[in-house]
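Novice: Chain by chain, the residues:
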Amino acid sequence: MMIWIIVKVALRSLWANRMRSVLAMLGIIIGVTAVIFVLALVAAAKANMMGRISAMGTNLLVVSPGQRGTGGVMSGQQQNLTLDDAEALIKKVSQIRDLAPVVRGSVQAKHLGKNARTSLMGTSVTYFPIRNFEIEKGRLFNDAECDAMSRVAVIGSTTAENLFGQEAACNEFIKLNGINFRVIGVLKSKGDQGWFNPDDQVLIPYSVAMKQVVGIDYLNEIDIRANSETELATIQDLATKLLRKRHHLQDDLDNDFNIRNQAEILQMADNMNHILALLAGGIASISLLVGGIGIMNIMLVTVTERTRENGVRKAIGAKDRDILRQFLIEAVIMSASGGVIGVLAGLVLAAILSMATTLQATVTSFSIALGLGFSMSVGIFFGYYPARRAAKLNPIDALRYE
Amino acid sequence: MAMIQAQDIVKAYELGGQIVRALDGVSLHIDAGEMIAVRGPSGSGKSTLMNILGCLDTPDSGQYVLAGEDVSKLSGNRLAEIRNQRIGFVFQTFNLLPRMSALENVELPLLYAGRQAEARAAAIRALQTVALEDRMHHQPNQLSGGQRQRVSIARAIVTDPAIVLADEPTGALDSHTGAEIMQLFRNLNRQGRTIIVVTHDPAIARYCRREIYLCDGRVAVPPVPLELAAGVAP
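Quick mapping for you: the protein sequence lines, in order, are chains C and U.
Using numbering that gives the first Met the number 0, the first residue of the first sequence is number 0, and each one after it goes up by one.
Using numbering that gives the first Met the number 0, the first residue of the second sequence is number 0, and each one after it goes up by one.
In case anyone wonders, no lab produced these hints; they're calculated from the structure.
Any given hint could turn out to be false.
To be verified - In silico DSSO-like cross-links for lysine-lysine, where the CA-CA straight-line distance does not exceed 27 Å: (1) U:Lys72 <-> C:Lys391; (2) C:Lys318 <-> C:Lys391; (3) C:Lys174 <-> C:Lys210; (4) U:Lys72 <-> C:Lys318; (5) C:Lys113 <-> C:Lys210; (6) C:Lys7 <-> C:Lys391.
Treat the numbers as computed from the prediction; the structure is a model and nothing was measured.
Please build the complete structure, drawing on both the sequences and the hints.
Specialist: Now the structure itself:
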């Protein structure tokens, strides 16, 4: 029998029980929507994270102190990373292009009546190019100001807005923990990174930060920039050896510092995305399974309801495979339309997400194909058993069925 | 010419642990162009005989030759083909398919036969034969009982089968409509169709020229012989 006649009959029967058909499709709709939407979300999150990681700076190595404590007990950072370490690194490891010492703190910033809690970054002028910061207004501080311990500050765009509103910030004075600093520049916005907002910070010379504001004689971080990505591993290796030697670590002791390169950070982000995608896949498979069972259930009901009709069809010459096809196609139409609706719903959700947030959730043709393919297979897989049951009916019993 | 040649047909069922021989050696012979009644009280085996004559079932033993072909030991799908090509069924409760117009119902056997190209024209011709061409786009639930039975007769003859097998064709109709339907069968018979009517009702059997009376699974002599119609309507 021609396929379009089977499809016509299937559509009529589904339409005659439209409420039931839609309810049976619901599981598939939800499953496919989840597949499409979550895949778009994961891809968007990944692109976003990659963008931000590279915004942090390229060819970057970050040296930080190790954790204090032994075994599983961690109790804060060690205080063993010093300015001398930073100087030794730049002198002895020739592959290093430049580096920036970093001390961090948290300060209360004041300007006239305005008051804001913000993060403090004490560093050198090299920090700005290493971390891809650009100046919007005014200028950066220079090495001379670092050496002279000048009280000058470069502030992030959010901080500027918090303290100055729409007014010009340059050459105004702000108080950081009670000490006067002259604002000499405002940075270009980089956008919130979720765990930390680079636009809400005050950057001052490391010398001033260490001696006068935070009051520490060690560094929280050393940022190293290589000339190219290929040199990252060499630098990491040489820097590790140098720091071990400087920290007098015996061969059997672990490093008391960490050196992370950007590739590792990207790798971590990638792993996280991978886990997210697996999780989404798991949820989607479960809902597609539930959807499939829903379709099987309804198909079994339909097959039973149409027992007599099947008997008549067989009496007038339908073969087993004619009946099988009829019900299989009904199941596939149901699951495939569920898939189509799910794809559309996923597209709408992704569009809403893109409009409502800064994430760019794009649905790929791969995920559409995946959603449709999965829903079709679910229809075939779960429709086969009911269809076979209908096909194997004995026509005499079927005709006698009330 | 023999259209149906059945020899020693035996069919037994298990019913509540007991073996019931529904047909216990039935032999019969029906010529092409006959209109014949299969009659008997309930439990006489007429349904079982109809199932076997209609190729819905196969006998446990014995031979059934339909239009020159031995169909006693065919597989399910082959039997479906035989039913499609050689047999037209008319049921007591019409058994038209819902959600399909009269025309589509009548087309269906041809579609199962893979004869799509001619289906529409043949179905219209069959509906003209039963004088229902003006109702062909109606759905079964928009038709009266008599009209539905005429649609199902059209469906039975659309493939131009060797035999038309009617199982209590007037059982769900009032006596006036029933008479019309039986008259329609007689007209079809006059056009040369072989018609077998299974019934318990002597009044219906009287429309036929010959009857086979079944009792306890065997062909028997009816307790009261019928005065069968000799080509004249009662």
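Novice: Taking the hints in turn, state whether each one holds.
Specialist: Hint check results:
Pair hint U:Lys72 plus C:Lys391 holds up; C-alpha atoms about 18 Å apart against a cutoff of 27 Å. Note on C:Lys318 and C:Lys391: the hinted pairing holds, with a Cα-Cα distance of about 10 Å set against a maximum of 27 Å. Simply put, C:Lys174 and C:Lys210 have alpha-carbon atoms about 16 Å apart, close enough for the 27 Å limit, and the pair holds. Using a Cα cut-off of 27 Å, the hinted pair U:Lys72 and C:Lys318 holds, with the two alpha carbons roughly 17 Å apart.
Among the hinted pairs, C:Lys113 with C:Lys210 is consistent with the structure: their alpha-carbon atoms are about 26 Å apart, no more than 27 Å. Simply put, C:Lys7 and C:Lys391 have alpha-carbon atoms about 23 Å apart, close enough for the 27 Å limit, and the pair holds.
This entry satisfies every hint, going by the numbered hints stated previously.
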